[in-house]
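Here is what each chain is made of, one letter per residue.
Protein chains: 4
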Amino acid sequence: MSHNSFGHLFRVTTWGESHGPALGCVIDGCPPGIALTEADLQWALDRRKPGGSRFVTQRREADEAKILSGVFEGVTTGTPISIMIENTDQRSKDYGEIAHQFRPGHADYTYFAKYGVRDYRGGGRSSARETAARVAAGAVALKVLQTLIGPQIKVRGAMVQLGVHTIDRTQWDWAQVDQNPFFSPDATHLTLFEEYLDSIRKAGSSIGAVVEVQAKGVPAGWGAPIYGKLDSDLAANLMSINAVKGVEIGEGFHSATLSGEDNADEMRMGPDGVEFLSNHAGGILGGISTGQTIVARIALKPTSSILTERQSVDVRGQDVDIRTKGRHDPCVGLRAVPVAEAMLACTLLDAFLRHRGQTGGIAFTPGALQG
Amino acid sequence: MSHNSFGHLFRVTTWGESHGPALGCVIDGCPPGIALTEADLQWALDRRKPGGSRFVTQRREADEAKILSGVFEGVTTGTPISIMIENTDQRSKDYGEIAHQFRPGHADYTYFAKYGVRDYRGGGRSSARETAARVAAGAVALKVLQTLIGPQIKVRGAMVQLGVHTIDRTQWDWAQVDQNPFFSPDATHLTLFEEYLDSIRKAGSSIGAVVEVQAKGVPAGWGAPIYGKLDSDLAANLMSINAVKGVEIGEGFHSATLSGEDNADEMRMGPDGVEFLSNHAGGILGGISTGQTIVARIALKPTSSILTERQSVDVRGQDVDIRTKGRHDPCVGLRAVPVAEAMLACTLLDAFLRHRGQTGGIAFTPGALQG
Amino acid sequence: MSHNSFGHLFRVTTWGESHGPALGCVIDGCPPGIALTEADLQWALDRRKPGGSRFVTQRREADEAKILSGVFEGVTTGTPISIMIENTDQRSKDYGEIAHQFRPGHADYTYFAKYGVRDYRGGGRSSARETAARVAAGAVALKVLQTLIGPQIKVRGAMVQLGVHTIDRTQWDWAQVDQNPFFSPDATHLTLFEEYLDSIRKAGSSIGAVVEVQAKGVPAGWGAPIYGKLDSDLAANLMSINAVKGVEIGEGFHSATLSGEDNADEMRMGPDGVEFLSNHAGGILGGISTGQTIVARIALKPTSSILTERQSVDVRGQDVDIRTKGRHDPCVGLRAVPVAEAMLACTLLDAFLRHRGQTGGIAFTPGALQG
Amino acid sequence: MSHNSFGHLFRVTTWGESHGPALGCVIDGCPPGIALTEADLQWALDRRKPGGSRFVTQRREADEAKILSGVFEGVTTGTPISIMIENTDQRSKDYGEIAHQFRPGHADYTYFAKYGVRDYRGGGRSSARETAARVAAGAVALKVLQTLIGPQIKVRGAMVQLGVHTIDRTQWDWAQVDQNPFFSPDATHLTLFEEYLDSIRKAGSSIGAVVEVQAKGVPAGWGAPIYGKLDSDLAANLMSINAVKGVEIGEGFHSATLSGEDNADEMRMGPDGVEFLSNHAGGILGGISTGQTIVARIALKPTSSILTERQSVDVRGQDVDIRTKGRHDPCVGLRAVPVAEAMLACTLLDAFLRHRGQTGGIAFTPGALQG
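Protein sequences, first through last, are from chains A, B, C and D.
Under my numbering, the first sequence has 44 at position 44, and the numbering climbs by one with no breaks.
Under my numbering, the second sequence has 99 at position 99, and the numbering climbs by one with no breaks.
Under my numbering, the third sequence has 336 at position 336, and the numbering climbs by one with no breaks.
Under my numbering, the fourth sequence has 212 at position 212, and the numbering climbs by one with no breaks.
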């Protein structure tokens with residue numbers, strides 16, 4: 001029940017602060033015999049890395065992951081994988097004011113109220129820099145899934161809403177996602193996004209976003225009733241990402257407006273087993289995967305660091321007004337895409353290992369038992 | 001990491017199937033010395049109980065909770081509280097067809113795919129009858145919170161959207177919630193809800209809903225970074241409720257459209273400490289309570305049991321068409337209100353106990369340290 | 001991390017007090033598809049049942065286990081198995097004195113110091129009656145192990161030391177264990193044990209014992225480094241049994257006196273794989289099973305309830321002298337045999353499920369990989 | 001339930017192999033506001049450090065602990081404390097033979113059987129080098145305990161049996177323990193121990209030992225029934241130390257020979273509350289601390305690495321004979337003393353935090369309630 005860990009059989013513990021010497025994670029329970037190198041982590045870290053465009057923080061971090069244990073002669077050994085990423089661009093600056101003030105929307109005040117002490121440099125533990133460790137763990141999870149289940153497993157994410165602008169889903173093209181700084185699958189909206197976010201950035205403001213993640217190729221049977229539901233685990237893990245204020249599966253909040261007839265995902269036997277005629281459920285029923293694509297979305301609030309002065313208080317109990325200078329993402333939702341993918345990959349691998357533990361891991365197929 | 005438990009220091013394990021002899025829960029970690037009787041549970045169970053109006057299932061269950069352990073001479077002893085609720089209205093009927101068919105939208109197929117065997121009577125373990133055990137546990141949690149923290153702690157819920165119809169939040173009146181079968185806080189929409197749901201019910205159809213839960217009086221400091229966040233735990237626990245497809249905190253999905261300026265909850269020192277000028281965050285920042293009202297909403301899909309024929313398959317791998325007869329709620333969202341309240345109460349108490357364990361439990365106040 | 005649960009993937013939560021209406025357990029994570037009836041539990045419960053001879057407590061309990069959930073049409077469904085055993089012989093007597101006094105050697109004082117309140121009737125939660133629930137769970141675990149791994153798996157226990165008298169291990173005969181009230185595998189010592197324990201019983205005194213448990217047929221590879229070691233789990237689970245003050249594996253405390261040469265279990269390839277030439281390790285190396293018989297022993301202190309007056313204090317802070325009347329086992333070690341077996345069976349099944357989860361569950365064999 | 005973690009609210013996860021670049025631990029749940037520097041860890045690490053005398057391995061390691069997170073401006077922040085110790089003396093040698101052979105008594109074979117792959121360099125993950133991380137964590141736990149509870153808390157260990165030679169307990173002097181390479185509290189046996197271990201060392205042999213740990217100043221009320229017992233946690237944590245084959249509390253195995261009269265720890269009211277007249281229980285009753293000194297002992301088997309040839313097999317399934325050359329401790333029990341102390345300190349702090357969480361943390365005192 002440690003607060004800085006998630007997962008059960010595939011368990012990830014992260015550590016580190018924004019401006020400490022390093023951050024990292026320890027992965028416990030990784031299956032043995034999986035080919036794994038630092039390069040397997042690096043491509044994922046590079047996607048999340050700051051400094052890639054003018055739409056993200058200008059902090060420069062190499063984000064180079066070192067594997068310190070758990071891998072021998074290129075394969076995982078089943079023992080803990082310790083991954084460390086050194087912080088290299090934590091500028092030595094005067095934290096004089098921020099050290100004693102609570103930035104609205106940040107965790108400054110709540111960490112203080114809880115602990116009475118906090119590492120105020122760059123948000124300390126509550127900084128989104130922590131998500132680098134998640135991305136490294138997610139890359140391990142994905143490699144394991146693709147090794148154990150097969151290359152058909154795909155875990156992908158995209159930004160689907162930037163502030164008030166939503167993508168055109170009919171234009172969805174996964175190949176686009178890595179071609180633009182917005183992680184948008186819709187190329188037709190890029191100019192709009194660019195102008196929109198430029199105006200926000202130049203105003204020293206910020207905006208929220210919605211990110212969608214999908215997992216294809218997940219067999220039926222992963223997850224478990226009642227409190228170990230796949231969607232319950234996924235909700236917890238996605239909600240733990242910085243700035244996330246909502247999580248939905250499949251139709252999500254829209255399902256509240258649907259009738260039972262419209263929401264039902266009908267089934268028919270196909271050549272390879274059960275086929276669903278729709279996927280309102282987002283690939284999960286009763287907390288267990290159906291074999292369809294798993295679909296989840298998260299809502300991210302706007303970056304709390306803005307240039308406009310806001311009212312606040314300080315640790316001495318004095319009223320103050322705060323403008324948050326520094327290097328910030330105008331939309332934290334963008335770089336949340338690889339983080340959300342990582343959380344989905346980790347959640348799935350953990351669910352698979354638990355399923356394999358309890359049942360042996362093979363999905364039962366209609367017709368197979370009764371001949 | 002058992003799949004049928006939630007919480008850590010206040011840990012609830014539930015058991016039982018829809019048509020088995022009984023269902024119940026074991027509560028481990030309840031603080032000692034709390035006055036507790038079966039009556040403390042019964043009022044909560046009565047709110048969730050089926051059969052109360054024509055808008056919920058006509059199954060008749062007394063839902064009488066018996067406390068089998070953990071309470072001695074009227075107070076909790078710190079040992080496990082075992083609560084049992086006997087099933088009394090599980091009709092002996094012919095399950096011939098449903099025993100071998102997978103009802104679309106239900107967990108029938110996924111339980112089969114996972115386990116190869118399932119208790120098909122009334123959905124077995126995946127039935128919403130399981131939520132009676134949650135409501136009993138939630139009543140215990142609420143009693144503990146009000147004893148340890150004080151009567152100012154209030155945990156309440158209401159239905160805020162029924163299908164396409166949303167309440168008028170300016171009409172919000174908590175006193176209304178228990179006065180109508182919709183758990184609506186807005187009396188001005190009751191006729192609309194009644195006609196709307198009547199038409200759905202008569203058509204043998206169903207509809208989704210959105211439920212909001214709030215907790216007032218929660219001090220700052222509960223919850224924990226990073227994966228033990230209060231909103232992360234809350235997301236998991238609310239998502240575990242039957243039919244829930246989305247969870248949001250504070251502004252939730254709406255926060256994606258907000259600017260940093262609009263979303264910031266500004267602060268000022270008031271006579272009793274920090275005061276927030278708004279509550280977009282829903283009472284949680286960085287995973288830790290702010291001292292404001294905690295606000296969460298869940299989206300519930302329409303009941304999957306409908307009278308219209310839907311395409312499906314059976315365990316033999318044959319295509320079939322299914323109409324789900326029986327006693328069902330036209331909107332499962334209604335009776336989710338007391339269940340969501342229960343999950344919120346349990347989540348809060350667990351967070352408090354962990355907070356008290358790690359830190360001693362007293363929130364730090366600006367000004368107090370630096371004088 | 002609930003205090004009244006053990007195991008991870010096969011997780012057992014027990015509840016109930018000595019003189020409450022019932023006690024029981026909830027088993028979460030039991031693999032599906034295992035044939036299971038109440039009769040599978042009853043034989044085990046009958047072995048532990050009080051009242052069987054003059055050497056155990058004269059309390060009369062039917063100890064009939066009812067399965068309330070998790071089994072459908074005679075097989076486990078993968079959902080929680082709730083087992084309840086009603087208390088039938090909790091005599092209504094005057095607890096006047098004992099209600100306010102702390103019996104030396106019992107948990108009376110520590111429960112009071114911790115909780116400020118306790119169910120003093122028959123020791124309440126700390127009574128050995130709780131172990132009935134363990135025995136039921138152990139019977140389930142054994143059935144699962146024998147179904148999944150095969151009938152070659154045997155989990156057995158015996159009393160090997162009664163007070164100052166130790167059995168003659170050259171006379172070990174498993175068939176004897178259930179033929180005498182001492183659970184002794186050595187028939188040559190029965191008269192000695194009988195006279196010894198009779199004299200103790202008549203004096204209103206009590207004595208300790210040592211119990212050995214063994215598991216045959218456990219494949220290599222179960223357990224895990226470093227804190228999930230099979231012997232570490234086993235130590236915790238055996239130490240949790242009432243009155244246990246020591247746990248040892250294989251040579252145990254004797255290994256302190258051995259040289260490296262004498263303690264080494266040498267290996268040779270045999271027709272069916274690796275063969276060990278001795279078993280000083282007790283079947284576990286580095287926390288992982290070797291494929292040999294697993295051997296553990298526990299030391300049990302004498303029953304604390306004795307007729308001789310002892311000095312103590314009461315809840316008012318007054319000195320008192322206490323004689324513990326009532327129905328007690330002169331040697332609690334005897335009935336610990338089926339309890340220790342149950343803990344071993346549960347520990348093994350849990351280790352197997354975790355092993356299967358992380359690795360797939362097949363042991364690697366020398367020669368198989370390298371041809 | 002990760003296998004490389006222990007503790008619940010104070011949770012320690014260790015990582016690293018004997019010959020990897022580094023090893024370390026992540027401590028989650030450390031209370032905030034505790035003054036902590038690397039020097040607080042170093043004194044403890046220096047006690048465990050190899051190379052200190054001819055009676056321990058000649059491997060030279062600085063064992064310098066670096067704190068990478070969780071401490072800010074000299075105090076703990078409540079966030080994870082990541083500690084890293086670099087390996088500096090992992091000699092580059094030819095592992096040709098040992099890479100494919102299973103050393104008897106080591107975990108070589110079981111790791112292979114479980115994972116199919118292992119880091120064979122110096123035992124890899126199963127090496128006792130891992131215990132350096134435990135010692136660092138234990139030093140943190142001790143600092144927290146002494147800060148939160150007071151300097152009266154003392155956690156200490158000593159070697160009480162070396163092979164066949166037992167110390168004279170009447171000569172016990174804690175001040176002696178750090179004055180000799182045997183961690184012996186009895187100065188009168190040092191010459192005997194020296195000659196005995198010299199002869200074993202020169203013969204290339206090894207011997208076992210018994211280590212005792214004690215905790216003074218622990219208040220009543222820590223620990224919890226039934227499976228969260230303080231002695232149950234302690235048994236698991238001590239059994240997880242390399243080479244440990246037995247754990248006992250208080251009288252331990254000797255209690256099997258005692259009568260109820262002799263084993264009872266009688267009580268009387270003293271000026272400061274309840275006083276026990278003896279401590280057979282080792283400070284724990286019903287899994288909860290009594291307020292007396294907590295006493296536990298562990299048996300450690302002889303080092304498995306010896307110069308005498310032993311029969312074994314290799315990964316190809318061939319019979320081989322093995323002599324284990326290299327730098328080894330002739331008695332691993334010696335350096336287990338600081339490790340066992342560390343495990344005791346961690347176990348106690350975890351129990352305290354859980355106790356504080358569930359109950360508020362104040363022990364109830366006889367007389368206080370009833371006045």
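Some hints could be false.
Copies of the same chain look alike in the list, so a pair counts if it fits in one copy or across any two.
To be verified - Simulated pairs of lysine to aspartate or glutamate, DMTMM-like, Cα-Cα distance not exceeding 20 Å:
id	residue 1	residue 2
1	Lys-154	Glu-61
2	Lys-66	Asp-319
3	Lys-66	Glu-86
4	Lys-202	Asp-178
5	Lys-66	Glu-261
6	Lys-49	Glu-64
7	Lys-49	Asp-173
8	Lys-154	Asp-40
9	Lys-66	Glu-38
10	Lys-66	Asp-40
11	Lys-325	Asp-40
12	Lys-325	Glu-261
13	Lys-66	Asp-321
14	Lys-49	Glu-38
15	Lys-49	Glu-86
16	Lys-325	Asp-272
17	Lys-216	Glu-275
18	Lys-49	Asp-89
19	Lys-325	Asp-262
20	Lys-325	Glu-266
No wet-lab data here; the hints were simulated from the structure.
A quick look at each hint next to the structure:
With identical chains, the CA atoms of Lys-154 and Glu-61 are never at most 20 Å apart, being 28 Å at best within one copy and 45 Å at best between copies. When the C-alpha separation of Lys-66 and Asp-319 is checked against a cutoff of 20 Å, the pair qualifies neither within a copy, at 44 Å, nor between copies, at 39 Å. Proximity of Lys-66 and Glu-86 under a CA criterion of 20 Å is satisfied in both settings, with 9 Å inside one chain copy and 14 Å between copies. For the homomeric pair Lys-202 and Asp-178, neither the shortest alpha-carbon distance inside one copy (24 Å) nor that between copies (50 Å) is at most 20 Å.
When the C-alpha separation of Lys-66 and Glu-261 is checked against a cutoff of 20 Å, the pair qualifies neither within a copy, at 52 Å, nor between copies, at 39 Å. Proximity of Lys-49 to Glu-64 under the C-alpha cut-off of 20 Å is restricted to the intra-copy arrangement: shortest distance 10 Å within a copy versus 31 Å between copies. Proximity of Lys-49 to Asp-173 under the C-alpha cut-off of 20 Å is found in neither arrangement, the shortest distances being 23 Å within a copy and 48 Å between copies. Within a single copy, Lys-154 and Asp-40 get their C-alpha atoms as close as 15 Å, which meets the 20 Å cut-off; across copies the closest is 45 Å, which misses it.
Taking the shortest Cα distances, Lys-66 and Glu-38 sit within 20 Å of each other inside one copy (7 Å), while across copies they are farther apart (23 Å). In this assembly of identical chains, the alpha carbons of Lys-66 and Asp-40 lie at most 20 Å apart only when taken from the same copy (11 Å versus 27 Å across copies). In this homomeric assembly, Lys-325 and Asp-40 never come within 20 Å of each other (Cα to Cα): the closest approach is 35 Å inside a single copy and 37 Å across copies. In this assembly of identical chains, the alpha carbons of Lys-325 and Glu-261 lie at most 20 Å apart only when taken from different copies (14 Å versus 52 Å within one copy).
For the identical chains of this complex, Lys-66 and Asp-321 are neighbours neither inside a copy (41 Å) nor across copies (38 Å), given an alpha-carbon limit of 20 Å. Taking the shortest alpha-carbon separations for Lys-49 and Glu-38, only the intra-copy value of 16 Å comes in at or below 20 Å, while the best inter-copy value is 31 Å. When the C-alpha separation of Lys-49 and Glu-86 is checked against a cutoff of 20 Å, the pair qualifies only within one copy, where the shortest distance is 13 Å, while the shortest distance between copies is 27 Å. Taking the shortest alpha-carbon separations for Lys-325 and Asp-272, neither the intra-copy value of 57 Å nor the inter-copy value of 30 Å comes in at or below 20 Å.
Taking the shortest Cα distances, Lys-216 and Glu-275 sit within 20 Å of each other inside one copy (14 Å), while across copies they are farther apart (46 Å). Only within a single protomer do Lys-49 and Asp-89 lie at most 20 Å apart by alpha-carbon distance; the minimum there is 12 Å, versus 35 Å between protomers. Taking the shortest alpha-carbon separations for Lys-325 and Asp-262, only the inter-copy value of 18 Å comes in at or below 20 Å, while the best intra-copy value is 49 Å. In this assembly of identical chains, the alpha carbons of Lys-325 and Glu-266 lie at most 20 Å apart only when taken from different copies (17 Å versus 53 Å within one copy).
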